[in-house]
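For the protein sequence lines, the chains are A and B, in the order given.
The working numbering puts the first sequence at residues 138 to 331.
The working numbering puts the second sequence at residues 2 to 203.
Among the hints, erroneous ones may be present.
[Claimed, not checked] Examples of chain A residues toward chain B, derived with CB under 10 angstroms:
{"hint": "1", "residue": "A160"}
{"hint": "2", "residue": "I162"}
{"hint": "3", "residue": "Q331"}
It is worth saying that the hints were derived from the structure and are not from the lab.
Where a beta carbon is used, it is the ideal one built from N, C-alpha and C, also for glycine.
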Amino acid sequence: MIFFELFYTFFYIGLFTFGGGYAMIPLIEEQIKVHEVAWGVSSEVITDFIAVSESTPGPFAINIATFIGSQAGGVFGAICATIGVVLPSFIIILLIAMIMKRIMKNRFVKGALAKVGPVIIALISYTAINFFLKMFLYQGHAVNSCDIAFDRASLAIFLTVGLFTIIYKKEKKKGLNPILILLISAVLGIIVFQ
Amino acid sequence: MKKESRFLCLMTLFLTFLKVGALTFGGGYAMIPIIHKEVVEKKKWLRQNDLLDILAISESTPGPIAVNTATYVGYQVAGFWGSLFATLGLVIPSFTIILIISTFYQTFMSISVINAAFKGIRAGVIILLINAVLKLKKTVKFDAVAIILFAITLIGSLLSLFLNFEIKIGTFKVSLSILFILMGMIIGIIATALSKKGGQKE
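All chains, please: the whole structure from these sequences, using the hints.
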């Protein structure tokens, strides 16, 4: 049953999402690959949805759960996926607030969490590399196909925006707003591809 | 607490986090200034230090920081129902907006200008991911164990991409990412057990 499936899939994505929104992308990609046919959502959608989520209010986790839920199972699907993704945090924080404030100071809990950090950073790095390969080399073809097309225009946009971000950071001493980064990329995309 | 004032309290929680949910773009740390203004300065539900504690807890528990904060503040102010109303308030704006977008998504993406824009955006998103890596890198202590964990996860994930392999237990496909996260936790616990007990409080 699709609603139950959406609920428990997002429940377990929510349970393993440490370190905020982007850390959940590899998890979501894995799940979409498993449920691609039943949900009618392809993993390509994720990249586009990052942009949608950045330009609408609210946490990424909730946005993407609602989106995939509704694409797969309408309003009720969206409700199931969203409750699923929120519930683990809700339960865990409630337990901590109620009885276990001290558990966070336990050295084994601290030790376990300290070593989740590098794994999360590696997973996000992997996502960046994966997206990079998809964008520029494979053009949506399967990764292991021999049909490699190198997309110079996308690479040019990537380098331009990247360079601009670095210069901005050097000059202004603070990072460029993500929405602005996406806006510049969108304008360049229209100029180059339209 | 009287029934009426309790109801009022729950509604205030709900509306406050509805505002936080509707006004914060980008999620995560972008929400903190607004949460601070509403919860610490205006409503005085928490002191500055409480908020810092919550952020520390949020960082080390799964789930979005905003959800964690809403649940925690709600509980502090009005117990279980407080946490439920605060969390609901936070979720409803995103939920509604994305539901509307989702309905028009296919039509929207088939417009050719939009399509070109999103081709550009796909390049920009990679910059956002690199930014996230650079930001998170500062929060982690990269000792030898951490570097090895980082390398295993990155190389393992890339191998699974190129070789297209999967791990199955029976018919159940094991998530590689979750496997790596669990590996990190277990190694963290072992490292703590092996490290000298002296010099560490509690």
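A quick look at each hint next to the structure:
| no. | hint | result |
| --- | --- | --- |
| 1 | A160 | 8 angstroms, holds |
| 2 | I162 | 8 angstroms, holds |
| 3 | Q331 | 4 angstroms, holds |
Figure legend: structure checked against the earlier numbered hints; every hint is met.
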